[in-house]
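Novice: Please model the complete structure; the sequences and the hints are all you need to start from.
Residue numbers (my numbering), protein chains in the order written: chain E, 433 to 599; chain G, 52 to 385; chain H, 9 to 431.
Bear in mind the hints are in silico, worked out from the structure with no lab data behind them. Be aware that one or more of the hints could be misleading.
[What the hints assert, rightly or not] Counterexamples of contact, computed for chain G against chain E with all Cβ distances above 12 angstroms: (1) Thr125; (2) Ala342; (3) Val350.
[To be verified] Chain E regions said to be covered by chain G (calculated; three or more residues, Cβ under 8 angstroms): (4) 483-495; (5) 507-514.
Since this is a predicted model, take the numbers as computed values, not measurements. Even glycine gets a Cβ: it sits at the ideal position worked out from N, Cα and C.
Residue strings, one per chain:
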Amino acid sequence: MSLPNPAELISQMATRLKAHLEHRGISEPRYIGIRTGGVWVAQALLKELGSEEPLGTLDVSFYRDDFSQNGLHPQVRPSALPFEIEGQHLVLIDDVLMSGRTIRAALNELFDYGRPASVTLVCLLDLDAGELPIRPNVVGATLSLAAHERVKLSGPELALELQDLAL
Amino acid sequence: MTPLDTKRPLQLNDQGQLRHFLSLDGLRRELLTEILDTADSFLEVGARAVKKVPLLRGKTVCNVFFENSTRTRTTFELAAQRLSADVITLNVSTSSASKGETLLDTLRNLEAMAADMFVVRHGDSGAAHFIAEHVCPQVAIINGGDGRHAHPTQGMLDMLTIRRHKGGFENLSVAIVGDILHSRVARSNMLALKTLGCPDIRVIAPKTLLPIGIEQYGVKVYTDMAEGLKDVDVVIMLRLQRERMTGGLLPSEGEFYRLFGLTTARLAGAKPDCIVMHPGPINRGVEIESAVADGPHSVILNQVTYGIAIRMAVLSMAMSGQTAQRQFDQENAQ
Amino acid sequence: MKLSILGARVIDPASGLDQITDIHIEACKIVALGAAPAGFAAVDTIDAKGLVAAPGLVDLNVALREPGYSRKGSIVSETRAAAAGGVTSLCCPPKTKPVLDTSAVAELILDRAREAGNTKVFPIGALSKGLDGEQLAELVALRDAGCVAFGNGLESFRNTRTLCRALEYAATFDLTVIFNSQDHDLAEGGLAHEGPTASFLGLPGIPETAETVALARDLLLVEQTGVRAHFSQLTSARGVALIAQAQQRGLKVTADVALYQLILTDEALIDFSSLYHVQPPLRTRADRDGLRAAVKSGVISAISSHHQPHERDAKLAPFGATEPGISSVELLLPLAMTLVEDGLLDLPTLLARLSAGPAEALRLPAGKLAVGSAADLVLFDPTASTVAGETWLSKGENCPFIGHSLPGLVRYTLVDGRISHQA
Chain E
433 MSLPNPAELI
443 SQMATRLKAH
453 LEHRGISEPR
463 YIGIRTGGVW
473 VAQALLKELG
483 SEEPLGTLDV
493 SFYRDDFSQN
503 GLHPQVRPSA
513 LPFEIEGQHL
523 VLIDDVLMSG
533 RTIRAALNEL
543 FDYGRPASVT
553 LVCLLDLDAG
563 ELPIRPNVVG
573 ATLSLAAHER
583 VKLSGPELAL
593 ELQDLAL
Chain G
52 MTPLDTKRPL
62 QLNDQGQLRH
72 FLSLDGLRRE
82 LLTEILDTAD
92 SFLEVGARAV
102 KKVPLLRGKT
112 VCNVFFENST
122 RTRTTFELAA
132 QRLSADVITL
142 NVSTSSASKG
152 ETLLDTLRNL
162 EAMAADMFVV
172 RHGDSGAAHF
182 IAEHVCPQVA
192 IINGGDGRHA
202 HPTQGMLDML
212 TIRRHKGGFE
222 NLSVAIVGDI
232 LHSRVARSNM
242 LALKTLGCPD
252 IRVIAPKTLL
262 PIGIEQYGVK
272 VYTDMAEGLK
282 DVDVVIMLRL
292 QRERMTGGLL
302 PSEGEFYRLF
312 GLTTARLAGA
322 KPDCIVMHPG
332 PINRGVEIES
342 AVADGPHSVI
352 LNQVTYGIAI
362 RMAVLSMAMS
372 GQTAQRQFDQ
382 ENAQ
Chain H
9 MKLSILGARV
19 IDPASGLDQI
29 TDIHIEACKI
39 VALGAAPAGF
49 AAVDTIDAKG
59 LVAAPGLVDL
69 NVALREPGYS
79 RKGSIVSETR
89 AAAAGGVTSL
99 CCPPKTKPVL
109 DTSAVAELIL
119 DRAREAGNTK
129 VFPIGALSKG
139 LDGEQLAELV
149 ALRDAGCVAF
159 GNGLESFRNT
169 RTLCRALEYA
179 ATFDLTVIFN
189 SQDHDLAEGG
199 LAHEGPTASF
209 LGLPGIPETA
219 ETVALARDLL
229 LVEQTGVRAH
239 FSQLTSARGV
249 ALIAQAQQRG
259 LKVTADVALY
269 QLILTDEALI
279 DFSSLYHVQP
289 PLRTRADRDG
299 LRAAVKSGVI
309 SAISSHHQPH
319 ERDAKLAPFG
329 ATEPGISSVE
339 LLLPLAMTLV
349 EDGLLDLPTL
359 LARLSAGPAE
369 ALRLPAGKLA
379 VGSAADLVLF
389 DPTASTVAGE
399 TWLSKGENCP
409 FIGHSLPGLV
419 RYTLVDGRIS
429 HQA
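Specialist: And the structure:
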């Protein structure tokens with residue numbers, strides 16, 4: 433299976449996002465990337481948009497639903513949101529949407545900061561493997577993987593890699 | 052022929068993660084750094100309006116305090132609450148232990164109430180180790196201070212304080228002043244500073260307040276404040292308890308203050324950006340001058356905030372380590 | 009009853025005998041070594057080829073815990089345990105409940121011991137009433153009731169003059185006083201040797217000077233009063249040096265050491281294991297080496313077990329809340345054999361420290377394997393091993409050596425020619 437070119441995806445996503453924000457009448461969005469992949473995607477997206485807006489970074493380690501099974505993630509870093517959440521229109525950016533649990537955790541965390549006016553979800557890839565009713569508003573590409581396959585994003589120069597767990 | 056087994060260190064699981072937090076002895080630098088990094092994240096949480104995260108929701112943390120302590124107890128309670136855990140606090144000094152119930156029975160009763168974690172403070176050195184060895188190994192034990200032996204969360208919050216105000220440990224000169232002999236805080240601090248790579252660790256005290264063999268901690272001993280404080284970056288003042296005056300350890304508080312008290316004049320010998328720390332509660336005019344305790348060098352109040360974050364980190368990591376061990380055992384049983 | 013023990017390597021340290029020969033026993037005594045006496049027809053024989061036959065071990069410090077501490081032990085259980093360790097004669101310390109300061113208590117102990125029949129028991133009487141260090145106990149009455157020596161345990165005489173008078177009184181009647189020299193004030197509150205290990209663990213320390221200061225005082229008082237003196241439970245190299253100097257000066261004092269002090273050091277405490285909580289405390293490697301050298305040279309002429317059995321609860325608490333003591337009499341011979349295995353002592357010297365030495369120190373009718381002496385013997389296999397704890401007779405399981413494989417195996421212990429233990 434051939435993976436799409438992230439640079440091309442970013443270009444398309446920028447266009448779609450602009451359209452979406454205009455359609456919703458959102459003029460001053462606040463951009464937030466989910467660490468780590470989402471931050472790389474967000475940085476690339478903001479560059480493509482030519483935006484100088486500050487980027488918030490969100491670490492969802494404390495909000496995950498799998499603490500009882502897997503414990504604490506060893507690479508916890510502080511979240512850093514350089515703006516108010518209350519009453520703002522947020523653009524939440526992640527790299528790969530799989531089960532949807534990361535997004536669920538991110539939403540819970542954001543709501544502990546304040547009550548946003550809206551949240552627009554942007555994902556580089558949607559693997560169509562949702563376990564929760566969460567869909568992106570803007571997506572780069574939708575992929576179908578076999579059960580033993582995973583896709584990994586590296587950055588900050590975006591590059592996609594297909595991993596086979598069976599090997 | 053010494054019958055010492057080589058077994059896995061009591062406070063670590065098979066993957067080298069914390070599953071109890073008993074003392075800083077034997078913990079690698081990477082693990083201590085991980086605690087500090089995790090605490091940084093919790094500091095950020097503490098700066099928000101909603102200071103809670105759902106990490107330990109559904110877990111029960113039991114504070115079992117055999118020794119009185121308002122400060123440590125409340126910060127542990129706060130830490131557990133901010134992790135969304137259910138918290139029970141038992142001041143055992145006033146209850147069944149005084150009726151003759153053994154320590155082990157007290158804890159086994161609590162264990163039966165399905166606590167996931169105990170935070171224990173006890174007057175006997177080694178109490179936390181004893182509990183970790185004899186109570187169900189799946190209950191995480193956090194040492195809130197045992198006798199003179201260790202106060203690992205205090206040690207770590209002191210390290211966090213130093214790291215946040217000084218950046219790192221590599222080029223630092225740190226002085227610990229006061230009753231080292233009776234201090235679990237001093238022992239934990241010396242161990243932490245050594246592990247984290249501080250090259251110049253000093254202790255300043257009269258001989259009566261220095262334990263035999265203190266050199267084993269890799270520290271330099273001073274009995275004179277002027278010499279000991281010269282060009283230091285950090286001063287940690289220890290509490291001097293009233294009881295030390297009886298039993299011939301010290302003649303009077305006055306003489307101690309004259310010789311070892313941290314005054315503005317003495318502090319002038321340290322580096323100009325030196326920070327002053329104290330585990331609290333402070334005895335003004337005994338170990339420290341009020342002007343210094345309230346002055347620009349003092350980070351004593353910040354230490355309290357860092358304490359909550361460190362305790363949140365330690366509670367999470369120990370709970371996480373217990374979970375990982377359970378997983379590991381289950382997988383290996385198959 | 010007539011018994012012949014055939015083909016053992018017979019070692020009698022008192023006479024220097026060390027050869028493979030036969031032992032013939034009749035009416036509780038050894039009647040011949042080598043050829044059987046004319047007309048001697050053995051009723052029983054023991055084939056002792058490959059075994060060592062030695063005088064039954066004489067242990068100067070075995071707490072039987074009776075009367076008064078039944079959770080910790082009884083005369084029956086602890087003498088059985090001692091017999092398993094190769095012991096045929098033992099001394100029990102005066103710290104019972106009530107204290108061994110009246111002839112009634114001495115008689116009770118001796119009666120029970122006789123009934124049990126596992127070892128001979130020679131009680132140590134209290135030097136002061138209630139061990140309070142203030143009032144002299146009725147030493148002569150206690151002697152007449154069977155006490156072989158007198159001591160005050162670790163409870164010190166606070167008043168030096170009172171102690172001096174007690175020693176003078178004992179000297180009047182040629183009674184032996186046993187000293188456990190420790191200065192009360194320097195030792196107070198201490199749980200472990202005052203050194204780097206205790207400092208690291210945050211345990212209050214007992215400095216070496218607690219022993220040496222008291223030893224210096226006690227030795228000078230012994231010199232002044234002329235009392236027969238035996239110094240028990242030494243722990244420090246400096247302390248041993250004081251004893252050696254006194255002996256060189258011509259003072260006829262003897263000394264013993266607990267076997268575990270020759271093996272363990274305070275480093276064993278590092279995990280707060282209460283199994284190593286003992287009083288007086290384990291000290292440093294240098295102290296252990298000094299004690300070992302003194303055992304080798306004979307300055308210390310006796311090794312005892314310092315047996316102190318405890319119920320489980322006594323050791324199941326944080327270190328400072330546990331009771332001190334190790335239960336080890338039933339391992340006395342195999343544990344002591346490690347000193348031969350290490351190359352510190354040869355076998356005859358070890359056996360001397362375990363039999364003739366202790367017997368001579370307190371003038372006990374024991375520790376000899378010769379024609380005419382009581383048939384108190386231990387037969388052991390020096391090439392086999394004992395897995396400590398496989399069977400356990402003492403009520404106290406507080407023994408850090410349990411689980412270890414120790415050199416040597418006691419096959420038979422005989423008291424007055426009768427088998428008191430058989431493996």
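Novice: Would you mind marking each hint as holding or not holding in the structure?
Specialist: Each hint tested on the structure:
1. With a least beta-carbon separation of about 22 angstroms from chain E, Thr125 of chain G lies farther than 12 angstroms from that chain, consistent with its non-interface assignment.
2. At roughly 34 angstroms, the least C-beta separation between Ala342 of chain G and chain E is larger than 12 angstroms, which holds for a residue marked as non-interface.
3. With a least beta-carbon separation of about 20 angstroms from chain E, Val350 of chain G lies farther than 12 angstroms from that chain, consistent with its non-interface assignment.
4. Note: the region 483-495 of chain E has 4 residues with beta-carbon separation from chain G under 8 angstroms; the three-residue rule is met and the coverage holds.
5. With a cut-off of 8 angstroms between beta carbons, the region 507-514 of chain E has 5 residues touching chain G; three or more are needed, and the interface restraint holds.
Of the numbered hints given earlier, the model fails none.
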